[in-house]
Amino acid sequence: MVLVYSDDKKLTLELLSKAHELGKELHKKVIAVSIGHEDYAKEFLEHGADIVIVVETSQHQFKAEEYTSILQTIMKDHGNELILIGSNKNGKELAGRLAAKLDAGCVMDCIKVYMANKKLTTERIVYSGNAIAVEEFSAAPQILTIPPKVYDPLPKNEQHKGEIIKKKIEPEHFASKILKTQEMKSEGINVEDAEIIVSCGRGFKKKEDIKLVSDLADILKGRTVGCSRPIAADLKWLSEDHWIGLSGHKVKPKLYIACGISGQIQHIAGMRDSGVIVAINKDPEALIFKSADYGIVGDLYEVLPKLTSAIKGKQG
Amino acid sequence: MNIIVCAKQVVDVAEIKIDASTKKPILVGIPQKISDMDKNALEEAIKIKEKHGGKITVVTIGASDAKERMKELLAMGADEGVLISPPEHADYHVIAHLLAGAITKIGAYDIILCGEASIDMFSSQIGPRLAGLLNIPQITYAQTITVENNKVLSERNLGEKAVSMESSFPVLLTVTKESNTPRLPSLMAILSSSSKPIHEWPATGVTGEALVPKVKTIDIKGIPMQRKNIIYQNDLDASISKLVDELGKVGVLR
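Residue numbers (our numbering), protein chains in the order written: chain A, 1 to 316; chain B, 1 to 254.
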């Protein structure tokens, strides 16, 4: 069986696309697991699942210990050769714990998954975005996590029929508990879907100056502001929705403009797939220029207003 | 309070150079250091010890040169070190079993602290794996950790969500880079740490059976990054107009 689970519905659909392909190659059925959401079942079938297991449980909120226990229970009944888990923070802590329970190999954040020499082979980015590790599994069970946007969901196929199995599972309970969950202040920004991103980094002296970036973003189609780690994680001038990099969001816009960003490899790892990359930095030696198609060496406080008005002029 | 901190010696990724012809990273001769977030984990441990007393043991799996790195951790405030020589072939499965074996051998513990991930491989699976093997609760991506009499409270940062959790002991936590700023040891602390013990254990001494990796690395390959690298300098107005023309031509301003 190829088993798919993520607490994120959209990511589950993306994983199902890969699971369907692997299932065909390995002659195995694809099982999607939905914990608590019966309403997702039909959609999962239409996007590649052969079986959807809808779990009814007392643990409504994701919690790694209990959800590991739920998946273990499912695997006892359905086999556990290959498990695909959505690579967000919940998914990764689930995958690691499950791997320990099954004494399984686990590869996190796969950007490529394929069969080579009859072995399940994965590629993932390591050394802060400087290299790709190619790894192969030598034993089952095999667990991998796949980040968002690596695969596109299959087109909806209403003819693809399958089975929906409802299961009541009471997991093993642990001594930890969730006291409170708070949605982080989100501005509804989705950098991962943006076509054009103007991004800011440590070159900005104060929070108010980010206006220079949003002014430019506003006149460009896409209107999305991104940033590097210090702006979101340390200074908190922007919410983490804007954070682009290895630990932030991975983006691939048509145009990426990096302003006052030094170009640490962690940041590059988040934006290297962009179509055209423009860098603005006052330091001609800044690393960012090595990863850019076009660069302007200059003070961003001078460059940005001029660039904004020049593009406005061009657009007429 | 018995606290165990798991720390990994890694290559300093900021120092990695790329071989121009193969595009592969050059890893030989790169300085080694303790992975950043593992130092954050130790800093949390020291803060807990300062408030509640106890003992901090640092566990590392690494070659004998990791002993030098471990001395830095003892100077920061750990009480004892355990250094396990790695087997020839290891994956996360093997490493987690070695850590679990070492921790069981160390004996009673209340809190295990790990970094959220290591800066070289960034897999973030050792913490959850270790908690799974020991069958204890796990609190990952901890931003704050507060220890009260018989429990620990923690704020976790999950990006779009902030989750507050609590757990009784024993518990494993992984900490983020933003959780604190690890202290730099004073000269006095460095000098006095030389008397702190570092126990060197062979891998075979901590797990009963020989461990076989489940995943094998078959290649570390380079990432091709081909960019035009057209850089405009000097006359700013001319630079901007050239840039805007170029962007127009490649069709990204439409």
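One thing to keep in mind: the hints can contain errors.
Stated by the list, open to error - Derived SDA-like pairs: lysine to any residue, alpha-carbon spacing no greater than 20 angstroms straight-line:
no. : chain 1 : residue 1 : chain 2 : residue 2
1   : A       : Lys314    : B       : Ala90
2   : B       : Lys228    : A       : Leu287
3   : B       : Lys17     : A       : Ala133
4   : A       : Lys180    : B       : Glu160
5   : A       : Lys180    : B       : Pro185
6   : A       : Lys306    : B       : Ala238
7   : A       : Lys112    : B       : Ala238
8   : A       : Lys221    : B       : Leu253
9   : A       : Lys180    : B       : Glu209
10  : B       : Lys17     : B       : Gly222
11  : B       : Lys221    : A       : Asn117
12  : A       : Lys314    : B       : Leu253
13  : A       : Lys314    : B       : Lys242
14  : B       : Lys177    : A       : Ile265
15  : A       : Lys252    : B       : Asn234
16  : A       : Lys118    : A       : Glu81
17  : A       : Lys290    : B       : Ile223
18  : A       : Lys290    : B       : Asn234
If you are wondering where the hints come from, they were derived from the structure by calculation, not from laboratory data.
Quiz item: Holds or violated: are the alpha carbons of Lys314 (chain A) and Leu253 (chain B) at most 20 angstroms from each other?
Solution: With Cα atoms ~9 angstroms apart, Lys314 (chain A) and Leu253 (chain B) stay inside 20 angstroms; holds.
Quiz item: Do the alpha carbons of Lys177 (chain B) and Ile265 (chain A) lie within 20 angstroms of each other, as the hint requires?
Solution: holds (16 angstroms)
Quiz item: Holds or violated: Lys112 (chain A) with Ala238 (chain B), Cα cutoff 20 angstroms?
Solution: Between Lys112 (chain A) and Ala238 (chain B) the Cα gap is close to 43 angstroms, so the pair fails against 20 angstroms, i.e. violated.
Exercise. For the pair supplied as a hint, Lys17 (chain B) and Ala133 (chain A), confirm whether the alpha-carbon distance does not exceed 20 angstroms.
Key: Holds, at about 16 angstroms.
Quiz item: Taking only the CA atoms, is the gap from Lys221 (chain A) to Leu253 (chain B) under or equal to 20 angstroms?
Solution: OK: Lys221 (chain A) and Leu253 (chain B) at ~8 angstroms, within 20 angstroms.
Quiz item: Lys118 (chain A) and Glu81 (chain A): Cα distance at most 20 angstroms?
Solution: holds (14 angstroms)
Self-check item: Restraint status (C-alpha distance of Lys228 (chain B) to Leu287 (chain A) at most 20 angstroms)
Solution: OK: Lys228 (chain B) and Leu287 (chain A) at ~14 angstroms, within 20 angstroms.
Quiz item: Does Lys314 (chain A) pair with Lys242 (chain B) here, judged by a C-alpha cut-off of 20 angstroms?
Solution: holds (12 angstroms)
Quiz item: When you check the alpha-carbon spacing of Lys306 (chain A) and Ala238 (chain B), does it fall within 20 angstroms?
Solution: holds (11 angstroms)
Quiz prompt | Distance restraint between Lys221 (chain B) and Asn117 (chain A), which requires alpha-carbon spacing of 20 angstroms or less | solution = holds (19 angstroms)
Quiz prompt | Holds or violated: Lys17 (chain B) to Gly222 (chain B), with C-alpha atoms at most 20 angstroms apart | solution = holds (11 angstroms)
Self-check item: Pairwise hint evaluation, Glu160 (chain B) against Lys180 (chain A), where the allowed Cα distance is 20 angstroms at most
Solution: Judged against 20 angstroms, a Cα distance of about 14 angstroms means the pair holds.
Of the numbered hints listed earlier, those contradicted by the structure are 1, 5, 7, 9 and 15.
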